Each structure stands twice: as structure tokens, then as C-alpha cells.
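> Residue strings, one per chain:
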Amino acid sequence: MSFGREHDLHKRRKGKNLSLGLVLIGFVAIMFGLTVVKVTEGQFAEALAGVSRSE
Amino acid sequence: MSGVSLNKLYADEPEFGDYFALLKPRVMSLVVFTAIAGVLAAPGSVHPFIAFVSIVFIALGGGASGALNMWYDADIDSLMSRTKSRPVPTGKISANAAKEFGIVLSAISVVMLGLASNWLAASLLAFTIFFYVIIYTIWLKRSTPQNIVIGGAAGAFPPIIGWAVVTGNVGFESILMFALIFIWTPPHFWSLALFMKSDYDIAKVPMLTVTNGRRSTRNHIFVYSILLAFVALSIGFSSLSGPIYLVVALILNMQLVFAAFKLWSRSESDCMADNSLLERKFFKFSLLYLFLHFGAIIVEAKTNIVWMTV
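So the protein lines, in turn, are chains B and C.
Here the first sequence stands for residues 127 to 181, where the numbers follow the numbering used here.
Here the second sequence stands for residues 97 to 406, where the numbers follow the numbering used here.
Take these hints with a grain of salt, some might be off.
Claimed, not checked - Here are the in silico distance ranges between beta carbons for each label pair: (1) Thr399/C to Leu174/B: 25 to 33 angstroms; (2) Arg238/C to Ala155/B: 38 to 46 angstroms; (3) Met157/B to Lys398/C: 25 to 33 angstroms; (4) Val319/C to Lys137/B: 53 to 61 angstroms; (5) Phe158/B to Leu323/C: 44 to 52 angstroms; (6) Val327/C to Phe158/B: 38 to 46 angstroms; (7) Met157/B to Phe116/C: 29 to 37 angstroms; (8) Met157/B to Arg376/C: 38 to 46 angstroms; (9) Phe145/C to Gly147/B: 20 to 28 angstroms; (10) Val266/C to Lys137/B: 42 to 50 angstroms.
Bear in mind the hints are in silico, worked out from the structure with no lab data behind them.
Being a predicted model, the structure only gives us computed values, none of them experimental.
We put the CB at the ideal spot given by N, CA and C, even for glycine.
Please model the complete structure; the sequences and the hints are all you need to start from.
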């Protein structure tokens, strides 16, 4: 076995890891975006003040 | 270890695309489209980003139930030509891994939908997943020829969920959209069963073609198509409708009833002679039928939004 030579297995795992990384980044982006929207719409402030959305 | 034995050992290691295939992407696209219709047709509005995120997690919830279906149906999927190249029958992903993936994705989808929109929408998504996996896949599919009639309700929930994302409740119009998909599902799948022939028989799935025969299946398709036309045209009297929907619905439902009549009056020898050409055409038409109806509902919803802002 020679060092530094990429096996097909490594290429396939790299592809899988890259895709999974993108999914995780997407999830973080969604959480961040939701937080920004909820804060700017005042929903967190309402929740803290104990005001329900229907009021 | 030599390179050759490493290849043999890891040749079937799943790739990202195999996990994606577990989600039944073609079914997910229907879920997305009909959920979008529910969101746009609902009175009121939500922030576009919240609508986008909600649709993503409704789709993922639908995909999760697909993964759980592939876990439970691994045995029959390996017997049917239509399903034998799925990731579990081919050994790419173990049935257990599909089950764990489905459960985790279900939980994430429901929780995230609740956080993004509201807990009624999340509850409806949770119920949809429960209905598809427990009621349809585990209970009905292998025990009754009415499996697709009752189990088809699972595929009809997305517009109700989309509506609930915006309004926080279930409206009459969202129930009409549910009814459209619910009544559409049986003739759609029965026409598939007519040209998949022995697939369901080999897998011992009690589809109508197996339990009651092909003539009875044709009778059922015809009756359900008339019912479907009635439901679709009834939507024309609701707030979902408008001139575009009415024209689309009239044309498509006349075509539907005519096509169903041709299917009903066809003999099995004619069917064999042209390799089920009419049955395949009816199946493809049913896909276009649903797409255009919901497309018309979306167009009417957008048109109403434009009128309101003028």
C-alpha cells in the first residue's frame, strides 16, 4: 500500500462527507434565518411577555 | 488488505444519493407542490422564509415516511420489478439503517415545522407520518384491497398542513384540496396495477387486480373517476376557484371521464395486444391531471393576491 494514493473508497466517502457538510450548513442557515425572522417579527418578545399570538 | 478485497468489502457502502433515494424523491415533489398550494391558497400570509422552511420540513417529513416504508417493505420490494432497485433490496442500505434514518428524520421534521410555524401544522405532519407508516404500510397494505383507498389519505394531507402553516387552523378549502388528492389516489394506483400485472401478485400484496380481478378494477377506476370529476368541479364553487381553475377543471375532467370510460370498456385481449398502452396513458394523464389542478389553484391564489394589492 503506497501512502498518498487515493482509493476509490476515499473518493466516495469524500463525496458523502461533502454532501453531509452542505446539509449541516443548510440546517445552521435555516436556524439562523428563522431566528432573525422571529426576532424581527417580534414573536420572541411576545413570547417573553406571555402574550399569545391570537391577541 | 489488497485493493481488490477493499473494493469488494466497501463496494456497497452507501453514498449520499442512496440515502436521498430512501426519501422517494418523486413522491416528495408531489408533497412539495401540494403543500405550496395549501400555503398560497390560505387566507393571510406568513413571512416567505417561514413558508420556505415549512415546505422544506413538510417535504422531509414526507420523505421520512418514505424511508420507513422502505424499511418495512424491504421483503416485498425485493420481489417487485418496480421496486427491486431501491437502496434496501439492493443491499446498499440495511433495513435497520433505513428505519433509524426515517425515525430521526421524522422527529427533526415535526419539531422543526413546529418551531418554524405552529404546533397544529407539526401535529398534522406527525399524524401524516403515523398514518402512512402504521395505518397504511404496516396494517392496510398487506391486508385489504382497500389499502390504497384508505392509505391514500396520507398523501392528501400536505395541502392541509400548508394551510395550517399560514392560518393556524384547518379550513374548508384545505379539506377540499385533501378530498381532491384522496379521491384521485385510488384510480391513479389501480391504473398502475393494471399494467404492472404480476408484480403485486408475486409480492402477495392484495391489490384490487389480485383480489377482485382486472374487470372489477376497471369498474372501480370508472366509478372513482366520476367521483373525482365531481369533487374537482365542486372546488369550482369555492374560494379556491376562479376563471382559470374552472376552464382547467372542465377540460381535464371531461378528458378524465372519457379516458376512464375507454379503460372500462376495453377488453383484456386488447390490453395485452398493445402492452397496456391505454392503462399507461391513463396513469401518465392522472399525474398531469393533479399537477394542472393544483397549478390552477396556485395561479388563482396568486391572482387573488395581485387583485388585493391593486
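> Which of the listed hints are broken here?
Hints 1 and 7 not satisfied by this model.
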